[in-house]
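Undergrad: Residue numbers for the sequence shown, in numbering that gives the first Met the number 0: 0 to 328.
Honestly, I wouldn't trust all of these hints.
[Said to hold, decoys possible] 30 Å max Cα-Cα, derived DSS-like pairs, lysine-lysine:
#: 1; residue 1: K231; residue 2: K253
#: 2; residue 1: K69; residue 2: K253
#: 3; residue 1: K228; residue 2: K239
#: 4; residue 1: K253; residue 2: K239
#: 5; residue 1: K231; residue 2: K242
#: 6; residue 1: K133; residue 2: K231
#: 7; residue 1: K283; residue 2: K200
#: 8; residue 1: K69; residue 2: K231
#: 9; residue 1: K200; residue 2: K231
[To be verified] Estimated spans, in silico, between C-beta atoms of each pair:
#: 10; residue 1: S294; residue 2: R142; range: 41 to 49 Å
#: 11; residue 1: H161; residue 2: Q267; range: 46 to 54 Å
#: 12; residue 1: T136; residue 2: K275; range: 22 to 30 Å
#: 13; residue 1: R185; residue 2: S110; range: 32 to 40 Å
#: 14; residue 1: R125; residue 2: A290; range: 14 to 22 Å
#: 15; residue 1: D187; residue 2: A290; range: 18 to 26 Å
#: 16; residue 1: H162; residue 2: E227; range: 24 to 32 Å
#: 17; residue 1: A271; residue 2: K133; range: 20 to 28 Å
#: 18; residue 1: G205; residue 2: Q267; range: 23 to 31 Å
#: 19; residue 1: N315; residue 2: D163; range: 52 to 60 Å
#: 20; residue 1: A290; residue 2: E68; range: 32 to 40 Å
#: 21; residue 1: R249; residue 2: E140; range: 38 to 46 Å
#: 22; residue 1: D300; residue 2: G71; range: 36 to 44 Å
Worth flagging that the hints you see were computed from the coordinates, not collected in a lab.
We put the CB at the ideal spot given by N, CA and C, even for glycine.
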Amino acid sequence: MSRNHRTVGRPAAALLTLLALLLATACGAGTTDSAGTAGGDGSPTVRIALGVDASYAPLYLAAQRGMFEKAGLDVRLTKVEGGPAAAQAVTAGTAQISANADSTALPQMVSNPRLRALGAFQSSGRYLKVVLRKGITSPREIRTMASIQGIGLYATHEYLRHHDIDPDSVKIQQSAPQEIPTMLERGDIDGYILFDPWVSKGVAAGGDLAGTIGDFGVTYVQWLLADEKWLKENRDLAGKVFKVVAEADRIVTKDPHAGALAAHEQAQLPVAPTEKAIGEISFKSRALTSADVTSSRRIVDFLREQNLIKSAPDLNSVLLRGWYDRYAR
């Protein structure tokens, strides 16, 4: 069956992802491989690949306050385009750990079965929002939408189904986040589902805020990922890194403004909207459970239905249930 959403495979987006991987080490000092390199004090360097938005505030805060160094760790943040690029950096060996949403990580676990999810460090049903073009007064008027990979496409389909709209009747174009508000302003699309700052930019361009993903039963979870080979030799090290992230989670929860300031310093994000976005996210580190396996299976079924993956990852292998409790508590 032909699918109208045929995710307009964008060469530019692919090029950006490749460029992000090639230049990833430019965001931190020195270079690294899958085993890491020695820091100045002899401790292994751990590079964490992550995107650039408010959801990574705990990691920005930990870097800003020297929390990794205080724990005796040499950790560098490697900023990439976002989406699958972070997990791909682990696969490519330019990072040892990545921060990825569940729906983004799962397809990468098909192409690289050695990827392992260590635990969750945040979740939200409010951070991603629906923005509709001015003049669209009902979801049934939607004919075109734009989407990012992973959680964006999954949420877009769930949004349409929630309103009894067949996703095959809507043209869904995959694009990079920074391009989407401009597409809305030009009238190329009728709506999209994204996070800030791209929600605010869409509203500033004349769009209307029309709800959150939680309104139609979708929640995303962010995981920390590592390659199995590296992890076997560095379980305690990875656990120490996760402990720092967990502490940063607690600080950001108590003091969102501090998290926003760190995001501004580390990633040049605007303070006020970032602080607002932080308040919409539950920053809590935890072990993965059977509930995560169940929700991941739903996402995998969706991805296979859309022919976006050819096979399912072995969820009992790639999701390390209980790992966080053993190594990072």
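Undergrad: Indicate, hint by hint, whether the structure satisfies it.
TA: Here's how the hints hold up against the structure:
Distance check on the hinted pair: K231 and K253 sit about 34 Å apart at the alpha-carbon level, beyond 30 Å; violated. At most 30 Å may separate the alpha-carbon atoms for a hinted pair to count; K69 and K253 meet this at roughly 21 Å. With a C-alpha separation of about 18 Å, the suggested pairing of K228 with K239 holds against the 30 Å cut-off. Restraint check: the Cα-Cα separation between K253 and K239 comes to about 22 Å, which is no more than 30 Å; the hinted pair holds.
Straight-line distance between C-alpha atoms of K231 and K242 comes to about 18 Å, which keeps the hinted pair within the 30 Å bound. Between the alpha carbons of K133 and K231 the distance comes to roughly 52 Å, so the proposed pair goes past 30 Å and is violated. Our distance criterion of 30 Å between C-alpha atoms is met by K283 and K200, whose separation comes to about 28 Å. Restraint check for K69 and K231: satisfied, since their Cα atoms lie roughly 24 Å apart, inside the 30 Å limit.
Among the hinted pairs, K200 with K231 is inconsistent with the structure: their alpha-carbon atoms are about 43 Å apart, more than 30 Å. For S294 paired with R142, a C-beta distance near 30 Å fails the hint of 41 to 49 Å. About 35 Å separates the C-beta atoms of H161 and Q267, a value inconsistent with the hinted range of 46 to 54 Å. For the pair T136 and K275, the supplied restraint of 22 to 30 Å holds, since their beta-carbon distance comes to about 26 Å.
A C-beta distance of roughly 34 Å is found between R185 and S110, which places it inside the suggested range of 32 to 40 Å. A hinted range of 14 to 22 Å for the beta carbons of R125 and A290 is consistent with their spacing of about 19 Å. Restraint check, D187 to A290: a C-beta distance of roughly 38 Å breaks the suggested window 18 to 26 Å. For the pair H162 and E227, the supplied restraint of 24 to 32 Å is violated, since their beta-carbon distance comes to about 41 Å.
At roughly 24 Å, the beta-carbon separation of A271 and K133 lies within the given 20 to 28 Å, and the hint holds. For the pair G205 and Q267, the supplied restraint of 23 to 31 Å holds, since their beta-carbon distance comes to about 25 Å. A hinted range of 52 to 60 Å for the beta carbons of N315 and D163 is inconsistent with their spacing of about 35 Å. In this structure, A290 and E68 meet the distance hint of 32 to 40 Å, their C-beta atoms being roughly 35 Å apart.
As the Cβ distance of R249 to E140 is approximately 44 Å, the hint placing it in 38 to 46 Å holds. Checked against the given bound of 36 to 44 Å, the beta carbons of D300 and G71, roughly 43 Å apart, stay inside it.
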